[in-house]
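Quick note, the sequences are listed as chains U and F, same order.
Read in this note's numbering, the first sequence has 96 at position 96, and its numbers run on one by one without any break.
Read in this note's numbering, the second sequence has 19 at position 19, and its numbers run on one by one without any break.
This list has only true hints and no planted wrong ones.
The calculated lysine to aspartate or glutamate pairs, modelled on DMTMM-like cross-linking and capped at a C-alpha distance of 20 Å, are:
| no. | chain 1 | residue 1 | chain 2 | residue 2 |
| --- | --- | --- | --- | --- |
| 1 | U | Lys101 | F | Glu98 |
| 2 | U | Lys61 | F | Glu98 |
| 3 | F | Lys44 | U | Glu88 |
| 4 | F | Lys44 | U | Glu95 |
| 5 | U | Lys101 | F | Asp30 |
Rather than coming from a laboratory, the hints here were simulated on the basis of the structure.
Because the structure is a prediction, the values reported are computed rather than measured.
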Amino acid sequence: AQSVSQHNHHVILSEAASLELGCNYSYGGTVNLFWYVQYPGQHLQLLLKYFSGDPLVKGIKGFEAEFIKSKFSFNLRKPSVQWSDTAEYFCAVNENFGNEKLTFGTGTRLTIIP
Amino acid sequence: DTAVSQTPKYLVTQMGNDKSIKCEQNLGHDTMYWYKQDSKKFLKIMFSYNNKELIINETVPNRFSPKSPDKAHLNLHINSLELGDSAVYFCASSQVAEQYFGPGTRLTVT
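Just need the whole structure built from these sequences, with the hints factored in.
Right under this line is the structure:
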């Protein structure tokens, strides 16, 4: 079965620091990859997605992620974080076309200190 | 306009009761989902419907019964509520692979 690992459970950074959140998945076939963000008390919003093509994808709010197929990874990055980036970040993978089940990682809580 | 809406936003009820959560999407999507987010923020899919037909059922207790009267609605009915059902329940919809989530319903069973 598909699984998604996010090894960083809680990350604390100061404003303007650079961010990288890890995501690894277990499925060896073709996948779609996503990062979602959940601000406190809110619903999940899509940050960015990878379906095919350029493995470096850019999303909203200055976030980007790189798909490295050989490492089964899709790490999220941002060069300079802001206090408003404080949120829970979820990596998700969809392995089957036509069966759009998303498997989520356990999430990474990001706390930005002003 | 809200793309995916859920009612109620909060639901507090006692063990043994039966309750329903409603979900509606105005995006014209064919597929809708229910996810459960536990107290540790872990998100797990429960059900998925495509054009009113059940396509995913992730070994959820049969106390949970989804109902899709049309492709814009997917309701979740829960019988005989238990303490362990306390969670945030998210509805989502999609047309291709990207899923859009509703605001969530926080269910507290006392």
